[in-house]
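*Asks:* Chains as they are written, first to last, in the numbering used here: chain A, 1 to 250; chain B, 1 to 192.
Heads up, some of the hints might be wrong.
[What the hints assert, rightly or not] Pairs of lysine-lysine, DSS-like flavour, derived with a Cα cap of 27 Å:
(1) B:K102 x A:K3
(2) B:K157 x A:K246
(3) B:K92 x B:K54
(4) B:K92 x A:K114
(5) A:K211 x A:K3
(6) B:K157 x A:K158
(7) A:K60 x B:K6
(8) A:K108 x A:K60
(9) A:K114 x B:K6
(10) A:K3 x B:K154
(11) A:K211 x B:K157
(12) B:K102 x B:K165
(13) A:K132 x A:K158
(14) A:K246 x A:K211
(15) B:K154 x A:K211
(16) A:K211 x A:K179
(17) A:K94 x B:K60
(18) B:K102 x A:K114
(19) B:K6 x B:K84
(20) B:K102 x B:K147
(21) A:K94 x A:K114
(22) B:K157 x B:K84
(23) B:K57 x A:K94
(24) A:K114 x B:K54
(25) A:K37 x A:K207
(26) A:K207 x A:K3
(27) A:K158 x B:K102
(28) A:K94 x B:K6
(29) A:K94 x B:K54
(30) A:K13 x A:K37
(31) A:K211 x A:K37
(32) A:K114 x A:K158
(33) A:K211 x A:K158
(34) B:K57 x B:K92
(35) B:K154 x A:K246
(36) A:K3 x B:K157
(37) A:K37 x A:K3
(38) B:K154 x B:K165
No lab work stands behind these hints, which were simulated from the structure alone. Small disclaimer: the values here were computed from a predicted structure and weren't measured.
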Amino acid sequence: MLKKRIIPCLDIKDGRTVKGINFVDIKDAGDPIELAKRYVEQGADELVFLDITATIENRKTLIELVSRIAAEINIPFTVGGGINSVDDVRSLIKAGADKVSVNSSAVKRPELIKELAQEFGSQCVVVAIDTKYENGEWVVFVHGGRTATPLKTIDWAKEVESLGAGEILLTSMNNDGTKSGFALDITNQVSEAVNIPLIASGGAGTKQHFKAVFEQTGATGGLAASIFHFGEIPIPELKSYLRTQKIPIR
Amino acid sequence: MIAIIKYNAGNILSVQNALNRLGYDSMITDCIADIQAADKVIFPGVGEASSAMKYLKERKLDEVILAIKQPFLGICLGLQLMCKSTEEGSTKCLGIFDTEVKLFPPVEKVPNMGWNNFENVNGELFEGVSTMDDLYYVHSYYAELCKDTIATCKYVKPFSAALQKDNFYATQFHPEKSAGIGALILNNFLKL
Numbered sequence: 001m002l003k004k005r006i007i008p009c010l011d012i013k014d015g016r017t018v019k020g021i022n023f024v025d026i027k028d029a030g031d032p033i034e035l036a037k038r039y040v041e042q043g044a045d046e047l048v049f050l051d052i053t054a055t056i057e058n059r060k061t062l063i064e065l066v067s068r069i070a071a072e073i074n075i076p077f078t079v080g081g082g083i084n085s086v087d088d089v090r091s092l093i094k095a096g097a098d099k100v101s102v103n104s105s106a107v108k109r110p111e112l113i114k115e116l117a118q119e120f121g122s123q124c125v126v127v128a129i130d131t132k133y134e135n136g137e138w139v140v141f142v143h144g145g146r147t148a149t150p151l152k153t154i155d156w157a158k159e160v161e162s163l164g165a166g167e168i169l170l171t172s173m174n175n176d177g178t179k180s181g182f183a184l185d186i187t188n189q190v191s192e193a194v195n196i197p198l199i200a201s202g203g204a205g206t207k208q209h210f211k212a213v214f215e216q217t218g219a220t221g222g223l224a225a226s227i228f229h230f231g232e233i234p235i236p237e238l239k240s241y242l243r244t245q246k247i248p249i250r
Numbered sequence: 001m002i003a004i005i006k007y008n009a010g011n012i013l014s015v016q017n018a019l020n021r022l023g024y025d026s027m028i029t030d031c032i033a034d035i036q037a038a039d040k041v042i043f044p045g046v047g048e049a050s051s052a053m054k055y056l057k058e059r060k061l062d063e064v065i066l067a068i069k070q071p072f073l074g075i076c077l078g079l080q081l082m083c084k085s086t087e088e089g090s091t092k093c094l095g096i097f098d099t100e101v102k103l104f105p106p107v108e109k110v111p112n113m114g115w116n117n118f119e120n121v122n123g124e125l126f127e128g129v130s131t132m133d134d135l136y137y138v139h140s141y142y143a144e145l146c147k148d149t150i151a152t153c154k155y156v157k158p159f160s161a162a163l164q165k166d167n168f169y170a171t172q173f174h175p176e177k178s179a180g181i182g183a184l185i186l187n188n189f190l191k192l
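Looking at chain A on its own, in the form it has when it is part of the complex (with noise of 0.2 Å):
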């Protein structure tokens, strides 16, 4: 049987992890390849890397830890964070990256989608949705949830499979850094509407939380990254746990 995913992501600053609560305040979490050997020592099921500077001049600095993490850890992994043309993820892919994750540059640019998959296969193209309810819907932002748009969450996620993405990743701004736990309408309604994967993201803060996204959603996988850094939930106990729930789980 198909498991269920538990995904640590891992916020990238300047070659350090660091994790921002509600997008805002950063805290440093320590070295991203140790935490990486960490988590797969632990049993996480995939890892999520995110460039959160994303400038050109780290872009080096970016490519030679994904470099380094491909040649340590033996589990599938995505890169996300400024990628805006084939070119980026031809660069990361090169270096070892299993999947890249895009964002704000393909709401700019919705082709780009088409372009990687057509390039690298749909399988390695992850299009990561940060959305808000506000005003009585779900609507996407970007830039890091600093910038709304006027595409409804549904549409979008829409779009983006016939495009050729392989998977969504949906973080709720709403609950992301609440610990008050995921946004189980809107995760199932993207679930419901697409049929390609889908990882739910942000708002975990229980093991209660992960058996609920799984039980009353769609989502395959589930991330989350303050919980795990700090040791809140330990990966093996929150596994443990979700298995005498029932829930299939690696």
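Starting from the structure of chain A, add chain B where the hints point.
*Replies:* What follows is chain B alone, placed relative to chain A:
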């Protein structure tokens, strides 16, 4: 020396990284002489089938692969290209395994992405592996069951998780991305 066949498919480096971690030297190459002289040959890759077959044919690598007598391991797209044909781009493939590759029907999420265990598992490639073990898959097309199937997995329906005919082995899952159990399977192949 292990030869990893270089063609226009993605993330071949991850196979070389996995071999490095196991302590084996390897080269990523499309040089026919290097491939023929290697102790073992690995044919990895993710990508699109029709362009991959075209690339192999243009370089006569299709004929080279069919003539290989050493242990040979196809991974993911490699497995699919070793079958008779695939629905992806209506492509005629190498025909080593007597089976067809089809697109998953949209009754579940496609691609099949994530960790899945075996239904059945046989043979020396899987020494020390049980049906409880989970391997990492990412694919939209699957090889139907056939007489060459040595391991099966279920997603929508049972499919070939691994195939073997003579010296030709292939896995639909990614051993290079499947943590310790993947490393064990790769090591079993390298010890053949």
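*Asks:* Regarding the pair K207 of chain A and K3 of chain A, is the alpha-carbon distance no greater than 27 Å?
*Replies:* holds (17 Å)
*Asks:* Are the Cα positions of K6 of chain B and K84 of chain B separated by 27 Å at most?
*Replies:* Distance ~21 Å between K6 of chain B and K84 of chain B Cα, so the pair holds.
*Asks:* Hinted pair, alpha-carbon criterion (27 Å max): K211 of chain A, K37 of chain A. Please report holds or violated.
*Replies:* Roughly 25 Å between the alpha carbons, so the hint for K211 of chain A and K37 of chain A holds.
*Asks:* What's the verdict on K13 of chain A and K37 of chain A, does the C-alpha distance respect the 27 Å limit or exceed it?
*Replies:* Satisfied, since the Cα-Cα distance of roughly 18 Å is no more than 27 Å.
*Asks:* Sort out whether K6 of chain B lies within 27 Å of K114 of chain A, counting only the CA atoms.
*Replies:* holds (25 Å)
*Asks:* Within a Cα-Cα threshold of 27 Å, do K154 of chain B and K165 of chain B meet the stated pairing?
*Replies:* Distance ~22 Å between K154 of chain B and K165 of chain B Cα, so the pair holds.
*Asks:* Holds or violated: K211 of chain A with K158 of chain A, Cα cutoff 27 Å?
*Replies:* holds (26 Å)
*Asks:* Between K154 of chain B and K246 of chain A, does the CA-CA distance stay at or below 27 Å?
*Replies:* holds (18 Å)
*Asks:* Does the structure keep K57 of chain B and K92 of chain B at a Cα separation of 27 Å or less?
*Replies:* Distance ~11 Å between K57 of chain B and K92 of chain B Cα, so the pair holds.
*Asks:* Measure nothing beyond the straight line between the CA atoms of K157 of chain B and K246 of chain A; if it is 27 Å or shorter, mark the hint as holding.
*Replies:* holds (22 Å)
*Asks:* Would the pair K92 of chain B and K54 of chain B pass a check requiring their Cα atoms to be no farther apart than 27 Å?
*Replies:* With Cα atoms ~10 Å apart, K92 of chain B and K54 of chain B stay inside 27 Å; holds.
*Asks:* Is the hinted pair K94 of chain A and K114 of chain A satisfied, with a Cα-Cα distance of at most 27 Å?
*Replies:* holds (19 Å)
In this structure, every one of the numbered hints holds.
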